[in-house]
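Per the UniProt record's numbering: the sequence shown = residues 1 to 268.
Please note: incorrect hints may appear among the correct ones.
Restraint ranges, calculated between C-beta atoms of paired labels, are given here [said to hold, decoys possible]:
{"no.": "1", "residue 1": "Ser134", "residue 2": "Ala189", "range": "49 to 55 Å"}
{"no.": "2", "residue 1": "Tyr235", "residue 2": "Asp132", "range": "34 to 40 Å"}
{"no.": "3", "residue 1": "Pro133", "residue 2": "Pro8", "range": "16 to 22 Å"}
{"no.": "4", "residue 1": "Lys251", "residue 2": "Glu171", "range": "21 to 27 Å"}
{"no.": "5", "residue 1": "Asn219", "residue 2": "Glu68", "range": "50 to 56 Å"}
{"no.": "6", "residue 1": "Thr263", "residue 2": "Arg220", "range": "33 to 39 Å"}
{"no.": "7", "residue 1": "Glu149", "residue 2": "Asn66", "range": "19 to 25 Å"}
{"no.": "8", "residue 1": "Ile150", "residue 2": "Glu109", "range": "15 to 21 Å"}
Think of the hints as simulated: they come from the structure by calculation, not from any bench. These figures come from a predicted structure and were not determined experimentally. Glycine residues also receive a C-beta, built at the ideal position from the N, C-alpha and C atoms.
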Amino acid sequence: MQAVTLGPAGTYSHRAARAVADDVAFRESVTSIVQAVADGTFERGVVPIENSIEGSVTESLDAVANSEVSVVQEIVTPIRHALLAQSANFDVVASHSQALAQCRSYLEENYPDAKLEAVASTARGVERARADPSVAGIGHPDNAGDDLEIIAEDIQDQSSNATRFLVIGPESARSDAGGKSSLVVYPNANYPGLLLELLEAFAERDINLSRIESRPSGNRLGDYLFHIDADAGLYEERMQGALEAVEAIAKNGWVRVLGSYDTRHVLY
Numbered sequence: 001m002q003a004v005t006l007g008p009a010g011t012y013s014h015r016a017a018r019a020v021a022d023d024v025a026f027r028e029s030v031t032s033i034v035q036a037v038a039d040g041t042f043e044r045g046v047v048p049i050e051n052s053i054e055g056s057v058t059e060s061l062d063a064v065a066n067s068e069v070s071v072v073q074e075i076v077t078p079i080r081h082a083l084l085a086q087s088a089n090f091d092v093v094a095s096h097s098q099a100l101a102q103c104r105s106y107l108e109e110n111y112p113d114a115k116l117e118a119v120a121s122t123a124r125g126v127e128r129a130r131a132d133p134s135v136a137g138i139g140h141p142d143n144a145g146d147d148l149e150i151i152a153e154d155i156q157d158q159s160s161n162a163t164r165f166l167v168i169g170p171e172s173a174r175s176d177a178g179g180k181s182s183l184v185v186y187p188n189a190n191y192p193g194l195l196l197e198l199l200e201a202f203a204e205r206d207i208n209l210s211r212i213e214s215r216p217s218g219n220r221l222g223d224y225l226f227h228i229d230a231d232a233g234l235y236e237e238r239m240q241g242a243l244e245a246v247e248a249i250a251k252n253g254w255v256r257v258l259g260s261y262d263t264r265h266v267l268y
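Kindly produce the complete structure, drawing on both the sequences and the hints.
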């Protein structure tokens, strides 16, 4: 099996993808990864969906909502950020925008005059540092190799920093088995109590929601869809009942069931 994820080699996404497949290809954006799975180019894709410090990755939410794919597994991995450079003399810190945000306090305290440069991935930032002595990158310590110094390790603002990755497959790979389910709901409506009705569909059946998040539908200002993660499998009667209730609430819109899956914790 071949998986596709954010490149180049050495990203945290790459590390998560290696838990899925030995053969890993790369794309420069989450949207292109999801599209490559939806059109059958790859069997699996691995995309970051949520970080414990910075929250959800909105590009991933939107890409999954707008594509015919399924979620077959989630991978949770701790994030260890290190500052990597050719020497301690640098003027720019380059990394993915989420990594820069996750290390904000450290950078403000120790390198307040450094210019922060957002690039496509942590690995791209390390590549910049490898090519330019005035640039430092933020990435896993193992990415230092033989030509970069580890200026500092574990520079993330919180030691509990971890990221959830979704393993996506084609719609045909959707499963009803697993302890967790994800769905996207577009009610195509706006009235008092709408969100309460959606929540009650799960609460009345004793189903915990581990995440619910609204995103603009793109149709008009103030119009939203909802991403929901529920701690129950689609094979369960209570989840089936909740889904029927949600579909009734969204009768003028749509519900995309991404599937049920289990969580795998990968340590590096």
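Quick rundown of the hints versus the structure:
Between serine 134 and alanine 189 the beta carbon distance is about 54 Å. The supplied range of 49 to 55 Å therefore holds. A beta carbon spacing of about 53 Å between tyrosine 235 and aspartate 132 contradicts the range 34 to 40 Å that was offered as a hint. A beta carbon spacing of about 20 Å between proline 133 and proline 8 agrees with the range 16 to 22 Å that was offered as a hint. Our hint of 21 to 27 Å for lysine 251 and glutamate 171 holds, since their Cβ atoms are close to 22 Å apart.
Separation of asparagine 219 from glutamate 68 is about 19 Å and departs from the stated range, judged on CB atoms against 50 to 56 Å. Between threonine 263 and arginine 220 the CB atoms are about 36 Å apart, so this pair conforms to the stated range of 33 to 39 Å. Distance hint check: the CB atoms of glutamate 149 and asparagine 66 are about 42 Å apart, inconsistent with the given range 19 to 25 Å. The hint said 15 to 21 Å for the Cβ distance between isoleucine 150 and glutamate 109, and at roughly 18 Å that hint holds.
The structure fails to meet hints 2, 5 and 7 from the earlier list, while all remaining hints are met.
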